[in-house]
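Participant: Heads up: the sequence lines are chains A and B, in that order.
Per this note's numbering, the very first residue in the first sequence carries number 239; after that it's consecutive.
Per this note's numbering, the very first residue in the second sequence carries number 4; after that it's consecutive.
Errors might be hidden in some of the hints.
Partial list, derived from the structure: chain A residues whose beta carbon lies under 8 Å from chain B [said to hold, decoys possible]:
no.	residue
1	252
2	267
3	270
4	272
5	279
6	280
7	282
8	284
9	285
10	287
11	289
12	292
13	334
14	337
15	338
Below, computed lysine-lysine pairings styled on DSS-like, alpha-carbon distance capped at 27 Å [what the hints assert, rightly or not]:
no.	chain 1	residue 1	chain 2	residue 2
16	B	34	A	306
17	B	34	B	60
18	A	239	B	34
19	A	306	A	239
Computed footprint of chain A on chain B, listed as stretches where at least three residues anywhere in the stretch have a Cβ under 8 Å from a Cβ of chain A [unchecked claim]:
no.	stretch
20	48-61
21	71-78
These are calculated hints, taken from the structure and not from any lab test.
Don't be surprised by glycine CBs; every beta carbon is placed ideally from N, CA and C.
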Amino acid sequence: KQEVTQIPAALSVPEGENLVLNCSFTDSAIYNLQWFRQDPGKGLTSLLLIQSSQREQTSGRLNASLDKSSGRSTLYIAASQPGDSATYLCAANTDKLIFGTGTRLQVFP
Amino acid sequence: EADIYQTPRYLVIGTGKKITLECSQTMGHDKMYWYQQDPGMELHLIHYSYGVNSTEKGDLSSESTVSRIRTEHFPLTLESARPSHTSQYLCASSVDGSNYGYTFGSGTRLTVV
Numbered sequence: 239k240q241e242v243t244q245i246p247a248a249l250s251v252p253e254g255e256n257l258v259l260n261c262s263f264t265d266s267a268i269y270n271l272q273w274f275r276q277d278p279g280k281g282l283t284s285l286l287l288i289q290s291s292q293r294e295q296t297s298g299r300l301n302a303s304l305d306k307s308s309g310r311s312t313l314y315i316a317a318s319q320p321g322d323s324a325t326y327l328c329a330a331n332t333d334k335l336i337f338g339t340g341t342r343l344q345v346f347p
Numbered sequence: 004e005a006d007i008y009q010t011p012r013y014l015v016i017g018t019g020k021k022i023t024l025e026c027s028q029t030m031g032h033d034k035m036y037w038y039q040q041d042p043g044m045e046l047h048l049i050h051y052s053y054g055v056n057s058t059e060k061g062d063l064s065s066e067s068t069v070s071r072i073r074t075e076h077f078p079l080t081l082e083s084a085r086p087s088h089t090s091q092y093l094c095a096s097s098v099d100g101s102n103y104g105y106t107f108g109s110g111t112r113l114t115v116v
């Protein structure tokens, strides 16, 4: 059974810092891995989708890497801004999408 | 614009009432899903469908039921709401095939009093 873990559970940083959010999964037989952002009480916004054959994906200040063999993915956020404050979720797709518990990020001015 | 819509956005209802949460998508996706998320907790899959007349239970046991009569529509029903059903319910869809990601709706926040 696929299990997804995210570290750290919470992160509070000053504006401008470069951030690293970690995601690990137990079953490496994934189709892809997806990173989402969730604002309080809202739905999920897809940030990046990495296929199992890919090593990384980039969108603006976000970069996600995938090491399928070791069961790890990392989301890098460059030059963080207060508007980046949200919960970040990774989800591993093994036919169904299995979510981690998320990293709650707060970026203060 | 292709999207996935959930209604209502918020619902407060009394114990014992029957409720239906609506989910519709305009993207022609075959696969649709319902996730349940308690405040501050992770998302758990409660129902999914791979097409019309296909419904399956997810990893988390739920007293709710679903139907898939049309490709674009995947409603979730609670026959008799209880306070333990208080949660956020998120609907998602995806293209058939392993290379595609999921698209989520804005969610329905349900409170049963």
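Participant: Hint by hint, say whether it matches the structure.
Facilitator: Now for the hints, and whether the structure bears them out:
no. : hint          : verdict
1   : 252           : violated, 24 Å
2   : 267           : violated, 11 Å
3   : 270           : holds, 7 Å
4   : 272           : holds, 5 Å
5   : 279           : holds, 6 Å
6   : 280           : holds, 6 Å
7   : 282           : holds, 4 Å
8   : 284           : holds, 6 Å
9   : 285           : violated, 10 Å
10  : 287           : holds, 4 Å
11  : 289           : holds, 6 Å
12  : 292           : violated, 11 Å
13  : 334           : holds, 6 Å
14  : 337           : holds, 4 Å
15  : 338           : holds, 7 Å
16  : B/34 - A/306  : holds, 25 Å
17  : B/34 - B/60   : holds, 14 Å
18  : A/239 - B/34  : holds, 21 Å
19  : A/306 - A/239 : holds, 16 Å
20  : 48-61         : holds (count 3)
21  : 71-78         : violated (count 0)
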